Amino acid sequence: MSDNILEVRNLVKYFPIKSSFFKRVIGNVKAVDGVSFNIKRTQTMGLVGESGCGKSTCGRTILRLQEKTSGDVIFDGQDVFALSKSDLRKMRPRMQLVFQDPYSSLSPRLPVGEIIGEAVREHGIVPKDEFDDYISRVMDVCGLPSYYKERYPHEFSGGQRQRICIARALALAPDFIVCDEPVSALDVSIQAQIINLLKQLQKEFGLTYLFISHDLSVVEHISDTVGVMYLGNMVEYAPTEKIFANPLNPYTKALFSAIPIPDPDYKLNRIILKGSIPSPANPPRGCKFHTRCADCKEVCRYAVPQWTEVEPEHFCACHLYNDAAAQKKAEEEMENVKRSEKEPVKEAEVL
Amino acid sequence: MAEKKKSSYISGKESRKITKFNRKVTKKLEKERADANKDPNLYTTKMQDPDNVVEFDNVCTYFFSDVGVVKAVDGVNFSIPKHSTVGVVGESGCGKSVTSLSLMQLLQRPSGQTVGGEIRFNKGDGTAYNIVNTPNVIMEKLRGNEISMIFQEPMTALNPVFRIGQQINEVIELHNPEMSEEDVKKRTLEMLELVGIANKEGVYEMFPHELSGGMRQRICIAIALACSPTLIIADEPTTALDVTIQAQILDLLQNLKDKLNSSIMLITHDLGVVAGMADYVVVMYAGRVVEKGTAEEIFHHPAHPYTIGLMKSKPVVGQKVDELYNIPGSVPNPVAMPDYCYFRDRCDRTCARCKGEYPPEIRISDTHVVSCYRYYDEGTPLGYPKSVNVEELL
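Protein sequences appear in the order of chains G and P. Take the first sequence: its letters are residues 4 to 354, numbered as in this note's numbering. Take the second sequence: its letters are residues 710 to 1103, numbered as in this note's numbering.
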């Protein structure tokens, strides 16, 4: 067994845009455009970014809820996308998902016991005669009294519903849970309860989380490593302490400076980004962030930055941290693009 | 558990009785409000302090629902000084939005009614409107002109079938009927420029779906500011937006406030946003104000156990803790509020006095007021929040 429970290599997910009549593919929404990372066993990786940057799509594609366009996802030594249907079914209980909105992700027609137990029965996790006890135990672990079993989701508050969602995922005894914004629909005091519950469960059962969120203070609290995404690309990846102490990429810097701090004396040194996130169907050429970047150089507009290890364990994709060789390569690429622009025939081919 | 079931159960007979009573009360209140020729003396009062834009004085807003009266806002006291930002913080369901809707008289009618207290809105000439008694005709002139509101979800606040330009024009035309069409358009374009939209002529012709969330919120701000209101109510203006866009919008609001000389009532559940923006902070819990003071006081010397708990339960960047503090339990049922301190059952610092009735407001410094018995001896008690007996309304 290797150290990493999950390895994602160059994962790409495009959604085709079809023309209205002939249903021809006329373009692609590049939701995830080459993302790589590893998650170690019993650790939490935080995935942050603005809405529309592809972090949720990334999470769903890893679980193979959607087919990939290219790239590899290795879960515990097995390629998730190479599995047959029946093998995938066996794999399913080991990787689970907690959704963002606890109001819409629970069936209003099923009682809580059935919501949590449905998958347990389907996958035959426990023998039939132990089923009831097992569900009660799972609910107990998640802080739900077992007499809630007969009740329906509408009788619960947001925090309790999120507990039900977590219990549902936990009932299958998974190794890996993707938490897709599990606390952003909840109030601050309830948020704290759910985060504590997630942390406590992690310690107890040795879970691994991929924690997707846009709330940076929550991510800092819960994660061991953090990946920052922008427009389908990972722009920075490092252990939590490193990335918060010393963000390298200009986008990460701007993102972190925008976190509101609950202290009126704190002098906000906000880097205010101009404009909004470009369309992922037609992303800018070169570095995707160059349209909003304060430190934009000429190279940035033409050449795609390389994924480099700037400090040990601290990865970043930005031309500012190019070494001599990478700089040379980027400049060559820029020249190539410039040359091809002058020859319109070639550009037509590219399009 | 059996007891719990009993308390929420209502027989058909009781239910019919409640509905009949509700219909009677709301009909009476609605009739009063629809009276266009009401004597102006009935809704004109004086400000307690002429430097305030709005004073909430023991405001009670109740919802007459089929399971009983929900006291969404029950005896709220605070004021908004001129040219300042007041942040109202609290969990969802604590009545912060209902407070602002009471001021705008935009409550869900007829079930939602402001039944008691005074909301004084400064006219600027020494007198004030008492919004609680002001008839609809007058309110129509105030709304959007003197007081305007920015809503949480910019997509639902804008009309999807009208162009951006038309939607901003509408506000200006309504409140300035004497303006010519060209003047209105000129003013609209000015507003678009003011909120930082570069391509104003282009955006004028666009539909809301063509814009991103941040741009839409800018349009909502433009609509709210079109008539240079004296008070802007921002109801969770950045909750639906990303962090980087949130920074842009908050920056914009702060700048525009200074430019237009307005006051802002900022409603939010994000303590970080309040700390960066507000001069004064009001903390609400279960329909009542539990603590109010300057931002400095609330964030550096929080007094009420709820405020302290709220601060501790939010993770802060740069401060590592193993486990977040969480406030045990949940908010009491709004239909049957206890007769003692609403926070007592969740509080970890109760004292002997807490067994008594709901605590009075206690002044612990010139600007800092808290509703908690722990400060009863050191501070000056000001008075108890007064509920309205709904039976007496008929």
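Bear in mind the hints are in silico, worked out from the structure with no lab data behind them. Since the model is a prediction, treat every value here as computed from it, not as a measurement. Treat the hints with caution; some may be incorrect.
Here are the simulated DSSO-like pairs of lysine-lysine, each with C-alpha atoms no more than 30 Å apart in a straight line [said to hold, decoys possible]:
1) G/LYS202 to P/LYS736
2) P/LYS755 to G/LYS43
3) P/LYS1021 to G/LYS245
4) P/LYS755 to G/LYS256
5) P/LYS755 to P/LYS736
Derived list of chain G stretches under chain P, where covered just means 3 residues or more per stretch with a C-beta under 8 Å from a C-beta of chain P [as the list claims (entries may be wrong)]:
6) 28-37
7) 220-230
Far from chain P, some chain G residues (derived; all Cβ distances over 10 Å) [unchecked claim]:
8) ASP266
9) TYR269
10) PHE318
We put the beta carbon where it would ideally sit given N, CA and C, even for glycine.
Query raised in the report: With a cut-off of 8 Å between beta carbons, are at least three residues of the stretch 28-37 of chain G near chain P?
Result: violated (count 0)
Query raised in the report: Taking a Cβ-to-Cβ distance below 8 Å as contact, does the stretch 220-230 of chain G have at least three residues touching chain P?
Result: holds (count 4)
Query raised in the report: Does G/LYS43 lie within 30 Å of P/LYS755 when you go C-alpha to C-alpha?
Result: violated, 67 Å
Query raised in the report: Beyond 10 Å from chain P, beta-carbon-wise, is G/ASP266?
Result: violated, 6 Å
Query raised in the report: Within 30 Å, alpha carbon to alpha carbon, are P/LYS755 and G/LYS256?
Result: Given pair P/LYS755, G/LYS256 is violated - Cα atoms ~51 Å apart, limit 30 Å.
Query raised in the report: Looking at G/TYR269 again, its CB stays over 10 Å from all of chain P?
Result: Violated: least Cβ distance 7 Å, not greater than 10 Å.
Report task. Below or equal to 30 Å on CA atoms is what counts here, so check P/LYS1021 against G/LYS245. Result -> At roughly 24 Å apart (the allowed maximum being 30 Å), G/LYS245 and P/LYS1021 satisfy the hint.
Query raised in the report: Holds or violated: P/LYS755 with P/LYS736, Cα cutoff 30 Å?
Result: Holds - the C-alpha atoms of P/LYS736 and P/LYS755 are around 29 Å apart, at most 30 Å.
Requested in this report: Examine each Cβ of chain P, and state whether all of them lie more than 10 Å from the Cβ of G/PHE318.
Outcome: holds, 21 Å
Query raised in the report: Taking 30 Å as the top limit, are the C-alpha atoms of G/LYS202 and P/LYS736 close enough?
Result: Distance ~53 Å between G/LYS202 and P/LYS736 Cα, so the pair is violated.
The structure shown violates the earlier hints numbered 1, 2, 4, 6, 8, 9.
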